[in-house]
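From first to last, the protein sequence lines stand for chains H and V.
Just so it is clear: in the first sequence, position 98 is 152 by my numbering, and no numbers are missing.
Just so it is clear: in the second sequence, position 112 is 95 by my numbering, and no numbers are missing.
Hints were generated in silico from the structure; no laboratory data involved.
As the structure is a computational prediction, the values presented were derived from the model and not from experiment.
Please note that the accuracy of each hint is not assured.
[To be verified] Label pairs and their in silico Cβ distance ranges:
id, chain 1, residue 1, chain 2, residue 2, range
1, H, A88, V, R83, 50 to 58 Å
2, H, V84, V, G86, 25 to 33 Å
3, V, D88, H, P111, 37 to 45 Å
4, H, M71, V, R83, 24 to 32 Å
5, H, D143, V, D95, 34 to 42 Å
6, H, L69, V, E84, 46 to 54 Å
7, H, L121, V, T64, 13 to 21 Å
8, H, V80, V, L69, 50 to 58 Å
9, H, L121, V, L4, 50 to 58 Å
10, V, M(-16), H, V136, 48 to 56 Å
11, V, E84, H, V80, 40 to 48 Å
12, V, A75, H, Y92, 33 to 41 Å
13, H, T90, V, A91, 30 to 38 Å
Note that beta-carbon positions come from the ideal geometry of N, C-alpha and C, so glycine has one too.
Take a look at the letters that make up each chain.
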Amino acid sequence: MRLVGLYLALFAFWLLMSGHYEPLIVGFGVASCAATVYIARRKDFVDYATLSWYVKPTLPLYWLWLLGQILKSNLDVAKRCVLPGARIDPCIFRAPANQDTGVGVATYANSITLTPGTVSLQTWDHEIRVHALTRHGARDILGGEMDGRICRVEGPSKTGNGGGP
Amino acid sequence: MTLAVDIASWLCLVAGALFCLSGGIGMIRFPDVYARSHAAGVIDTGGAYLILAGLALQAGFSLVTVKLVLIGLLLFFTSPTATHALVKAALAGGLEPLCRELGADETAEMADEAAP
């Protein structure tokens, strides 16, 4: 059933990318998607834990919030790049990651890196080592708002550690 | 209407170009790899997204816009992974950051300050 879903998703993606709808070309698409699904199955590539994460309805809302944060910190870091008087005050620290699953911690670490001014250096099960360009950026992470939002997207804790960074 | 779309599109393109430029300047001015990775982050988030948005506004509702959105999603997933791999490799290679590691007491204090 999931393989059928994978096939349909791949084929929809293929149609969007090609923009050609002649029988011969579409036939190539059908064949190559079938080959991809076959290889994915043989190599056990179909990662159900990650898949179930990306159909969560609250994830797009989190992405919107994240985009706002990215724009805000972009302005701040861009100013510090060009303005002659602007100062940077880098520091390294460890931030707690309260997510239950590997996918959750990976999402948190990626969100930290996506936001300019903070980069995740190393990750452990419930901790991320972060390099921040300013103390202000460090304080934003340590305040735990982003951490809490990802925990809420993740939902109530389940057993098992799906996926993983 | 087309004028408004054109104006919005050019605002996005120019703002994106400015972000790319300031990111490039930051990559030269900042002192070490870790600080420079933040400047690179400006280029592959703000710069890239704004330019893609500007181009999508130029293309209107078409297959091209779908492809632009997919490029944006690709960047959204791959650029943090690449940046993380880069700085982790720098750490593993023994490159010392030009800054101090905060202790647990300091981070606890900062978390308290940040909490509402």
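Here is what the structure says about each hint:
1. The given range of 50 to 58 Å is respected by A88(H) and R83(V), whose C-beta atoms sit roughly 56 Å from each other.
2. Checked against the given bound of 25 to 33 Å, the beta carbons of V84(H) and G86(V), roughly 60 Å apart, lie outside it.
3. Restraint check, D88(V) to P111(H): a C-beta distance of roughly 40 Å satisfies the suggested window 37 to 45 Å.
4. Hint check: M71(H) to R83(V), Cβ distance near 48 Å, so the stated range 24 to 32 Å is violated.
5. The hinted window of 34 to 42 Å between D143(H) and D95(V) is violated, with their beta carbons roughly 19 Å apart.
6. Evaluation of the 46 to 54 Å hint for L69(H) and E84(V) yields a pass: the beta carbon distance comes to about 51 Å.
7. Judged by the Cβ atoms, the range 13 to 21 Å given for L121(H) and T64(V) holds: they are separated by roughly 18 Å.
8. Taking 50 to 58 Å as the suggested C-beta distance range, the pair V80(H) and L69(V) does not conform, at roughly 40 Å.
9. In this structure, L121(H) and L4(V) break the distance hint of 50 to 58 Å, their C-beta atoms being roughly 21 Å apart.
10. At about 35 Å, the CB distance of M(-16)(V) to V136(H) disagrees with the hint of 48 to 56 Å.
11. Under the hint 40 to 48 Å, the C-beta atoms of E84(V) and V80(H), about 57 Å apart, miss the expected range.
12. The hinted window of 33 to 41 Å between A75(V) and Y92(H) holds, with their beta carbons roughly 37 Å apart.
13. Between T90(H) and A91(V) the CB atoms are about 49 Å apart, so this pair departs from the stated range of 30 to 38 Å.
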